[in-house]
Amino acid sequence: MDQKFEGTPKAEISLDGRKLSRGEVTNDWGLRLQWQVKRDGKVIATPPARAESRYEHPDKTPGKYEIVLQMWKYVNYKKNKQREFISSKFIDISNTVTYTI
Amino acid sequence: MIHVGQANVPLCDGVSRRSFLQAGATAMGLSLPTAMELEAAGAVDPKKQKIKNCITLFLVGSPGHLDTWDMKPDAPADIRGKFKPISTAVPGVQICEHFPLMARMMDKVALIRSLHHNTGASHENGQRWMMTGYDFNAANIQPHMGSVVSRVFGQKTSLPASIVLPAKIGNTGTSTPHGQASGYLGTAHAPFFLGSDPAVKNFKVANLEPPKGQTDFRINSRRNLLKQLDDLQRRTETSSTIQRDTAYSRAFNLLTSPKTRKAFDPAEETDKLRDRYGRNTFGQSCLLARRLIENGSRFVTVNHFDTVFNVTCWDMHANGSSLDNTYLDYERHLCPQFDQAFTALIEDLEERGLLEDTVVAVLSEFGRTPKLNNRGGRDHYPPAWTNFFVGGGVKGGQVIGSTDKIGAAPHDRPVLPPEVVASVYTAMGIDLETTMMPGPGSRPVRFIEADPIKELFG
Chain A
1 MDQKFEGTPK
11 AEISLDGRKL
21 SRGEVTNDWG
31 LRLQWQVKRD
41 GKVIATPPAR
51 AESRYEHPDK
61 TPGKYEIVLQ
71 MWKYVNYKKN
81 KQREFISSKF
91 IDISNTVTYT
101 I
Chain B
1001 MIHVGQANVP
1011 LCDGVSRRSF
1021 LQAGATAMGL
1031 SLPTAMELEA
1041 AGAVDPKKQK
1051 IKNCITLFLV
1061 GSPGHLDTWD
1071 MKPDAPADIR
1081 GKFKPISTAV
1091 PGVQICEHFP
1101 LMARMMDKVA
1111 LIRSLHHNTG
1121 ASHENGQRWM
1131 MTGYDFNAAN
1141 IQPHMGSVVS
1151 RVFGQKTSLP
1161 ASIVLPAKIG
1171 NTGTSTPHGQ
1181 ASGYLGTAHA
1191 PFFLGSDPAV
1201 KNFKVANLEP
1211 PKGQTDFRIN
1221 SRRNLLKQLD
1231 DLQRRTETSS
1241 TIQRDTAYSR
1251 AFNLLTSPKT
1261 RKAFDPAEET
1271 DKLRDRYGRN
1281 TFGQSCLLAR
1291 RLIENGSRFV
1301 TVNHFDTVFN
1311 VTCWDMHANG
1321 SSLDNTYLDY
1331 ERHLCPQFDQ
1341 AFTALIEDLE
1351 ERGLLEDTVV
1361 AVLSEFGRTP
1371 KLNNRGGRDH
1381 YPPAWTNFFV
1391 GGGVKGGQVI
1401 GSTDKIGAAP
1411 HDRPVLPPEV
1421 VASVYTAMGI
1431 DLETTMMPGP
1441 GSRPVRFIEA
1451 DPIKELFG
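From first to last, the protein sequence lines stand for chains A and B. Numbering of the first sequence is given in the working numbering, commencing with residue 1 and proceeding in unit increments. Numbering of the second sequence is given in the working numbering, commencing with residue 1001 and proceeding in unit increments.
Calculated directly from the structure, the hints in this document are not laboratory data. Don't take every hint at face value.
[Unchecked claim] Only some residues are given here: those of chain A computed to face chain B with a beta carbon under 8 Å:
#1 MET1
#2 ASP2
#3 LYS4
#4 PHE5
#5 SER21
#6 ARG22
#7 THR26
#8 ASP28
#9 LEU31
#10 TRP35
#11 LYS38
#12 ALA51
#13 VAL75
#14 TYR99
[Said to hold, decoys possible] No farther apart than 27 Å at their CA atoms in a straight line, the calculated lysine-lysine pairs in the DSS-like style are these:
#15 B:LYS1371 - A:LYS78
#16 B:LYS1272 - A:LYS19
#17 B:LYS1272 - A:LYS4
#18 A:LYS81 - B:LYS1082
#19 B:LYS1454 - B:LYS1395
#20 A:LYS4 - B:LYS1168
#21 B:LYS1082 - B:LYS1072
#22 B:LYS1168 - A:LYS78
#23 A:LYS73 - B:LYS1201
Glycine residues also receive a C-beta, built at the ideal position from the N, C-alpha and C atoms.
This is chain A alone, in the form it adopts within the complex:
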């Protein structure tokens, strides 16, 4: 019996200055939950988001920041020769917020 994950998780995130907060995750698969932080289109951090519902990214390097909440989506455990998952991946589960420094 392989693990089943029904439905799709969803959450709302909001921004107050540089302070992020997330609401409760509905249809929560219970897998890794993380903030994906991009600066000028490039992923620069993926800190965990499970234990705390608030986060402030410490980096103040000038640029346009985009943040979204992500959760791990398990499809199967297969990996390629570089030891990365082939089908399982992180998916966005929230709206995206942006700020500029």
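Once you've looked at the hints, dock chain B against the given chain A.
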């Protein structure tokens, strides 16, 4: 005076062996009516032993102790691994960074960091050790703890005393038993295996669904017919007919009781609570475990995975083939999933006032090699590992035993699997000094030939 189940049976003060065996057989064969009859006859004092419940979370495949609950941050990189420790609610106790929710409730948890066994490193060896307390003996298959509890204390309600979720352990490498059967206690005390995934939409318990075309009327008609046949058969009754009777009775009760069906339905819970456990097979099984305990089951086992092949599971060999779990599986899937479901279960039990009466034991087969293999994984390692207890009569916020600097062997207070099993029984409130169970050939024997870990109950 000894107790056989809930029956107080004087041994050395004039009661005959025949009386002892009669009372013992009745109490141990315990169906609800016989228990009530005994109580009515004054032979049972239910207040003498208040038996608590147990939920066992069995981590099939076995987590690496150095990557989870016995981290060695000062060891060389190829030993300490990739994860970092975090502080917990208990000063000085650290666990893996990927268990942040568990870290907050460490004051309730008793970690045992010096577990080990000295037999072969197969999954099945570890499963049998941890779920029966005994090494393998083909001539005498030892029963699962839940079967022992079922045999001695019987059912509280129409729910089976021992239930395994979501499925029995299947292929984990060898064809020897997994320690989740009733062994010599017989089929009447075999755990009820759910056989379905409570995380899927339209979940139904496979083993509770009547065959197509069977109505409640037809099921009840068959029950009445069977009862008449049984009454005839009782004239030549043997232990095997008693067992079959118990098993049939249990099956009919399961099929026809609306309360039973409701107990097995996680959809009775709010979406918020189901989310808190995690909408996945393990999380919803943990939620179901709480529902079943709440509704009268005594011993629920949740298998976190039923195989180690071709699935994400704790068996982190990273072998590039059918056993290819790696740190990525731990970080993204296994640790978060366990953290979410385990902490939800403890919180939920506590909020409902069930934690004091329910011991939660998190068990696994062995540890994993202190040194990473050349693919970045860890292999089977019985000389050292960590398991833990919460609830029941267990004193939380402590660490029992330790391993050496690289987690290769117990450094102090070594603990063997039979001591863990003895501790489960003790945490359930069973007095192992005075309570006996029927051994092979039905002679009374101790539950387990080991003492409980006394520090757990300090």
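Inset, instruction - Given the hint that LYS1371 (chain B) pairs with LYS78 (chain A), test it: the Cα-Cα distance must not exceed 27 Å. - result: holds, 24 Å
Legend entry - TRP35 (chain A) as an interface hint toward chain B, with CB separation required under 8 Å: Given a least distance of 14 Å, the restraint on TRP35 (chain A) is violated.
Legend entry - Hint consistency between LYS1272 (chain B) and LYS4 (chain A) [alpha-carbon to alpha-carbon, up to 27 Å]: holds, 19 Å
Inset, instruction - Would you check the hint for LYS1082 (chain B) and LYS1072 (chain B), treating anything up to 27 Å between C-alpha atoms as holding? - result: Measuring from Cα to Cα gives roughly 11 Å; hence the hint holds.
Legend entry - Restraint satisfaction for SER21 (chain A) [CB to CB of chain B, less than 8 Å]: Given a least distance of 17 Å, the restraint on SER21 (chain A) is violated.
Inset, instruction - Would you check the hint for LYS81 (chain A) and LYS1082 (chain B), treating anything up to 27 Å between C-alpha atoms as holding? - result: Status holds; Cα separation ~20 Å.
Inset, instruction - Decide if the proposed pair is consistent with the structure: LYS1454 (chain B) and LYS1395 (chain B), CA atoms, cutoff 27 Å inclusive. - result: Holds. LYS1454 (chain B) to LYS1395 (chain B) sits at ~10 Å (cutoff 27 Å).
Inset, instruction - Closer than 8 Å between Cβ atoms is the bar; does LYS4 (chain A) clear it against chain B? Give me holds or violated. - result: At about 5 Å, which falls below the 8 Å cut-off, the nearest Cβ of chain B leaves the hint on LYS4 (chain A) intact, so it holds.
Legend entry - Satisfaction of hint between LYS19 (chain A) and LYS1272 (chain B), Cα-Cα up to 27 Å: holds, 26 Å
Legend entry - Hint status (Cβ of THR26 (chain A) to nearest Cβ of chain B, threshold 8 Å): holds, 6 Å
Inset, instruction - Let me know if the C-beta of ASP2 (chain A) comes in closer than 8 Å to any C-beta of chain B, holds or violated. - result: With a closest approach of 5 Å, the ASP2 (chain A) hint holds.
Inset, instruction - Would you settle whether the hint for ARG22 (chain A) is holds or violated, based on the nearest Cβ-Cβ distance to chain B being less than 8 Å? - result: violated, 14 Å
Of the numbered hints stated above, those contradicted by the structure are hints 5, 6, 10, 11, 13 and 14, listed in ascending order.
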